[in-house]
Amino acid sequence: MDHVSRQRRRASWRCLRVFALCTVIALVAAACGSSRRNDTTGTTGGNGTTPGGAPQNVVPTADCPAGQDTVGVSGDTITLGTSLPESGQYAPFIAILKGERSYFEYLNAQGGVEVPKGSGKKYKIKLVDKDDAYDAARTVTNVNSLITDTKVFSLLNVVGTKNNLGARDTVNSECVPDLLIASGAVQWGNMKFPWMLGSELVPYPLEMRVFVDYLKKNKPNAKIAVLKASDDFGQSYSDTLQELVKGTNLSIVQTTGYDPESSDVKAQVTSLAATKADAFVIGAALLACPSALNAMGDAGWKPIVYMSGTCVSKLLLSAAGKNADGLLTVTPLIDPSDPANASKPAMQLYTQQVKKYSDADVTDGIVAYGWTTAALMAKILESSPKLDRASVMETARTLTDVKGVGLQLADSTWNTSAQDWFIGETFQLVTYDSTAAHTKALGPITDLDGKTAELSPPALLRQ
Amino acid sequence: MTSRRQLQTIGLVAAIGALVVLSVVPHLASATDTQRWAQALYIGIAAMGLNLLTGYNGQVSIGHGAFFGVGAYTTGLLMHQHDWQFLPTLLVSAPLCFVIGVLIGFPALRVKGLYLALVTLGLAVVFPDLTKHYVHVTGGTNLVALNRTELAPPAWVPTWLSSIGRDDQWAYYVTFALAVVLVVATYLMVRSRFGRALIAVRDHEAAAETVGINAARVKVMAFALSALYAGVAGSCAVLVDHLANADKVQTFQLSIKFLVAVVIGGTATVIGPLVGAGVVVSLQWIISDVLPKRVSSIGVLERTLGNPAASPAIFGILLILFVFVLPDGIVGGVRRFWGRLTSGRSGAPPTAPAPLTT
Amino acid sequence: MSLFLTQLMNGIGNGAVYASLALALVLIYRTTGILNFAQGEMALYSTYLFWYFTDRGMPVVVAILLTMVLSFIGGAAIERVVLRPVENSSPLVLVIVTIGMFLALNSIVQVQFGADIKTNLPRAYPKHVWRPGDVQISADTLVLVGVLIVVCFVLYLLFQHTKLGLAFRAVSSNPESSRLVGVPAGRMLMLGWALAAALGALAGCLIIPTIGLQASSMQSILVFSFAAAALGGFDSPLGAVVGGLIVGVAQSLTTQYIKSLSDIVLIVPFGLILVVLMVRPQGLFGTRRVERV
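Here the protein sequences line up with chains E, X and V, keeping their order.
My numbering numbers the first residue of the first sequence as 1 and each following residue consecutively.
My numbering numbers the first residue of the second sequence as 1 and each following residue consecutively.
My numbering numbers the first residue of the third sequence as 1 and each following residue consecutively.
No lab work stands behind these hints, which were simulated from the structure alone.
There could be a bad hint or two in this list.
So the derived label-pair ranges between C-beta atoms look like this [what the hints assert, rightly or not]:
#1 V:V275 to X:Y187: 35 to 41 Å
#2 E:N108 to X:L103: 57 to 63 Å
#3 X:V157 to V:G271: 44 to 50 Å
#4 E:Q242 to V:R123: 34 to 40 Å
#5 E:A410 to V:I73: 54 to 60 Å
#6 V:T287 to X:L103: 28 to 34 Å
#7 V:I73 to X:V184: 48 to 54 Å
#8 E:N108 to V:K259: 51 to 57 Å
#9 E:A410 to X:T149: 44 to 50 Å
If you want the ones that stay clear, here's a sample from chain V, every Cβ over 10 Å from chain E, calculated [to be verified]:
#10 L142
#11 L158
#12 V276
A few chain X residues facing chain V, derived, Cβ under 8 Å [as the list claims (entries may be wrong)]:
#13 A117
#14 V126
#15 P312
#16 P327
Heads up, the beta-carbon is just placed ideally off N, CA and C, and yes, glycines get one too.
Take these sequences, add in the hints, and give me the full structure.
So, in C-alpha cells, the structure goes:
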C-alpha cells in the first residue's frame with residue numbers, strides 16, 4: 001500500500017517536472033526563434049542640436065507622426081489633459097486642479113485665449129482630468145488614453161516625477177507637449193526628451209545653491225546636517241549640496257534618509273540633532289516637514305534651517321508652530337496667506353475668481369500654484385505664432401522675460417532657451433514668521449537663470 | 001451524474017466561447033480597452049497562482065504583490081538594460097520567483113494561518129523600499145520605463161497579430177497565451193495527486209501526514225508555485241503597462257486585488273480567479289471612469305459617488321456586499337445555483353455560463 | 001549614553017501607540033478570530049470625528065470622551081451589521097470583509113471631512129519637553145505610556161474581576177460551550193469590537209495631534225501594530241504590549257545605529273517576526289494550539 005502510494009506520488013511529481021520542463025523548452029524555442037529586433041536606439045529624434053548647429057528649432061519634429069499637429073483643436077476649443085491623484089493618500093493635490101479650473105473658467109468667461117495674440121481668433125480651453133491615485137502605471141494609462149481617446153492637444157501639469165517619467169517615451173515619440181509638469185525634479189532637463197517641460201516650481205538643486213550662498217555669507221564655517229527623503233527628490237538635495245560645499249569651509253556632518261512613504265522622522269532628527277550641527281537641511285515633503293521641525297524643537301536644537309520649497313504651505317508650517325520660526329525656504333510665487341499681498345491687483349483677481357468658481361481655500365499656496373500654472377499655459381498658447389503642437393512646444397522652450405503671470409513675483413522673469421530647460425529659476429528666498437503665520441521676503445529676488453543643469457546630479461539626468 | 005456531464009459540456013462550450021471572444025478582443029477594442037483586458041488577464045494569472053496557495057492549500061497571503069514586483073523588475077531590467085526580448089525574460093523571472101518562493105516558503109512553514117498573512121504583509125511593504133534602495137533606472141528613480149522599441153513585438157510575429165502602432169496587441173496576446181497555458185497547467189495540477197495533496201493538507205494537515213503526504217513539501221511547493229504565477233503576471237504587466245514600478249501603497253493594493261479576485265471568482269476553482277480579475281478590473285473602471293460622468297449633474301450624488309476620492313469606498317462596500325451574497329464566489333455560486341436547478345427539475349435550460357471544471 | 005536613552009524614549013513613545021492598536025487587534029482576534037485590517041482606519045475615522053468636534057470648539061477632553069463613546073457604539077454596530085452575517089464563513093472571506101472596510105473607511109473620511117491635511121488638532125495636555133541630563137523626555141511620550149498603563153489596568157480589572165469579563169473570556173475561549181451555559185455570545189462579540197474601536201479612538205486622539213491628520217496617517221502605524229501583535233502572539237494582550245514596545249524601540253535604535261537602514265526600518269520588525277515565529281510559531285506570549293487528528 002505504502003509502496004504503491006509512494007510510487008504514485010513519485011509519478012505525480014514527475015508529471016509536474018515534465019510539465020515544468022516542457023514549459024521551459026517551449027519558452028527557449030520561442031526565445032531562439034525570435035530574431036533580433038531592429039536595433040534603433042533613441043526613438044525620440046535626437047537631442048535638439050542638429051549637426052549643422054542650426055538654432056532655429058529647439059524641438060525637433062523630424063520623427064513626429066504626420067498629421068497629428070493640430071489634434072485637440074476643434075472649432076474654437078482647445079482640449080488639454082491632465083492626470084493627478086484625486087483619490088488615495090495624495091488626494092490633497094486636487095487643490096491644484098481647482099486653481100487651474102478657476103483660471104480657465106475665468107479666461108473662458110472673457111471669451112478665451114487669443115492664439116496667436118493679435119489675430120483676433122479666440123479659443124475656449126477645456127481641461128480634461130483623470131485620476132491616477134499617484135500610481136505611475138495609472139498615469140501612463142491615463143496619458144495614453146488622453147492622447148488616443150480624448151485626443152488632447154497638450155498635457156498640462158501632470159503631477160509627480162515618476163508619473164511623468166513613465167509617460168516620457170510616449171509623449172516624446174507621439175510629439176505631444178507634456179507642459180508645466182508639477183515637479184521640481186531636474187529630470188526634465190534631460191536633452192533626449194524635448195517634449196517635456198517642468199512648471200514654475202523651483203528646481204530642487206537651486207534651493208541648495210541659494211542656501212549655500214546664504215551660509216557662506218552668514219555662517220561660513222557651518223557644519224550641516226541633512227534629512228532627506230530616500231528617493232530621487234531627496235537625492236537632488238543631498239547630491240547637489242555635497243557638490244556645492246566642495247572648496248568652501250562648509251561641511252556636511254551627517255545625512256540621514258527616511259522612508260518617503262512615512263512621515264515619522266523623529267528618530268532620524270534626534271540622531272541629526274545629536275551632531276549639534278549649525279545648519280539643518282530638510283529635504284522632505286508633506287507631513288514629514290512639520291514632524292522634522294517639531295522633533296528638532298523637542299531636541300532643543302537651534303540650527304539655521306533650510307526647508308524644501310515643497311513644504312511651503314500655511315497648513316504644514318502652522319503645524320510646526322514656533323519651531324518653524326525663522327526657517328529659510330524659497331517660493332516662485334506671491335504668498336497668498338500674507339495679508340500684505342491682499343491689495344495687489346493680481347492677488348485680488350485670483351481671490352475673487354477662485355472664490356467664484358471653486359470651493360478651494362484661497363490662502364492655500366497649492367491653489368495659487370494651480371492658478372498660476374494655468375495662467376502660464378494660457379500665456380504660452382497666446383505667444384505661440386501658430387496653434388499646433390510643434391509651435392506651442394517651441395514657444396514654451398523659448399520663453400523670454402515672461403512677467404506678471406498669475407501670482408508670479410513682481411520682479412521675477414521666466415526664461416527658457418535651447419540651453420536652458422527650466423522655468424522656475426527666478427524666485428524669492430523667504431523666512432517664516434510663526435507669529436504672523438506667513439513668509440517674509442529675505443533680500444532681493446534670486447536669479448539663477450540657466451543654472452539648473454550644471455547643479456543637477458548627473459545620475460538623474462542621464463537615464 | 002447526467003447533471004455533472006451536462007455541466008461539463010456547458011463548461012466546455014462556455015470555455016470555447018470565452019476563448020473565441022478573448023482572442024478577438026484587441027481587434028475590436030481601442031488600445032485603452034485592450035490594455036484594460038490585458039490587465040484583467042495578468043491580475044487573473046497572479047490570482048490563479050494565489051488560489052493554489054490560498055484556495056487549494058489554505059494559506060492566506062497578502063504579499064504576493066512583492067513576487068509580482070520581482071517578476072516585473074526582472075523582465076523590465078532585462079529588456080531595458082540588457083536588450084532582451086520579452087519571452088526569454090520569463091525564463092529568468094519565473095524560476096527566480098519560484099526560488100524566492102521556496103526560500104520564503106520554508107520559514108513560512110512554521111507560521112500558520114493569519115500569522116503567515118502578516119509575514120507576507122511584511123514582504124509587500126519591504127519590497128518597494130528595497131527597490132528604492134537598489135534600483136536607479138529611469139531618471140534615477142526606482143521606475144523602469146520601457147520605450148517603444150523595447151516593447152515592440154519581435155520580428156517573427158505575423159503582422160495580423162500586431163498592426164503598426166498597436167503594440168498593445170502583442171502585449172495582449174502574450175498575456176492571453178500565458179493565461180491559457182497556466183489555466184491548463186492549473187487544471188492538470190489540481191487534478192493530479194499533487195492537487196489532492198494540496199487539499200488534504202488544507203483540510204487536515206496532521207491527517208494528511210498520516211496517509212503519507214509530505215505536508216511540508218506540499219506547502220512549500222504551493223508557496224513557490226504561487227510566487228511563480230505572480231512573477232509571470234508581473235512580467236506580463238511590463239509589456240502591458242510599459243513599466244515596472246513599486247510603491248508601498250500600490251504593492252499592497254495589488255496584493256489585495258489578487259486576493260479579492262480569488263474570492264470574488266471562487267476559491268479553489270480553476271477559472272474563478274480569472275473571472276474574479278475580470279470583475280475587479282471592470283468594477284474599478286466603472287467606478288472611476290463611468291460612474292462620475294453619469295452622476296455629474298446630480299448635486300448630492302456628484303459630491304459623493306461622483307467624487308473620485310469616493311471610488312475606493314464604493315469598491316470596498318461593493319466588495320463586502322458581494323461576499324454577503326456570494327461567499328463562495330461567482331463560480332461557486334453558479335455551481336450552487338446549477339446544482340439546485342438540476343436537482344429540482346432535471347434538464348432545465350442553463351441560464352448562466354458554467355465553470356470549466358469542478 | 002544620553003542619545004541612546006533619548007532614542008529609547010522615542011521608541012517607547014511610538015511603541016506605546018503600536019501597543020494600543022495591537023491591543024485592539026488582540027481584543028478582536030480573541031473574540032472573533034479575525035485579523036482586523038480595518039483597525040487603523042476605524043481609529044482614523046474616530047480621529048476625524050475628534051477633529052470635527054474640536055474644530056467646532058468642543059473642549060479637548062470632552063471631545064476625546066465623546067469620540068470614544070461614539071466609536072464604542074460604532075464598533076459594536078460594525079460587528080453586528082458587517083461581520084455577523086459572515087460569522088461562520090472562511091477566514092478568507094473575513095479577511096476580505098475587513099479589507100473592504102479598510103478601503104471604504106479610508107475613502108469615506110476624505111469625502112466626508114475633505115481630502116486636505118488637518119494640522120490643527122489640539123493636544124489634551126500642554127506640550128513640554130524635560131531634559132534631565134541631556135536625555136529628552138517629551139510630554140507626548142509620558143502621556144502615551146501613561147494612558148497605555150491605565151488602559152491595561154482597566155482592561156485587566158474588566159476581564160479578571162467582573163462578571164462581564166468572565167463571560168467575555170468564556171466566549172473567547174469557547175463560544176459554543178458558553179452559548180450552551182447561557183452566555184450571550186453575540187453581545188460579547190459586539191463588546192470585543194466596541195472595546196477595540198474605543199481603544200483605537202483613544203490612541204488616534206492622542207497620537208494624531210502630534211503628527212497631523214490625513215487619510216494615510218494610520219497606515220504605517222497599523223503595519224507596525226500588526227508586527228507588534230504577531231511578535232507578541234495574537235491572542236495575548238501582554239504580548240501585544242511587549243511586542244509594541246519592542247517594535248517601537250527597534251525602530252528608533254535601528255535608525256540611530258544602523259544608518260544604512262534608516263529609510264527601510266520596516267525590515268527590522270518583520271525580520272524580528274520571522275526569527276521569533278521560527279522559534280515560537282505562536283508568538284512570544286501566545287498560546288500554542290494542539291491539533292488532534
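Would you pick out the hints that fail for this structure and give their numbers low to high? none
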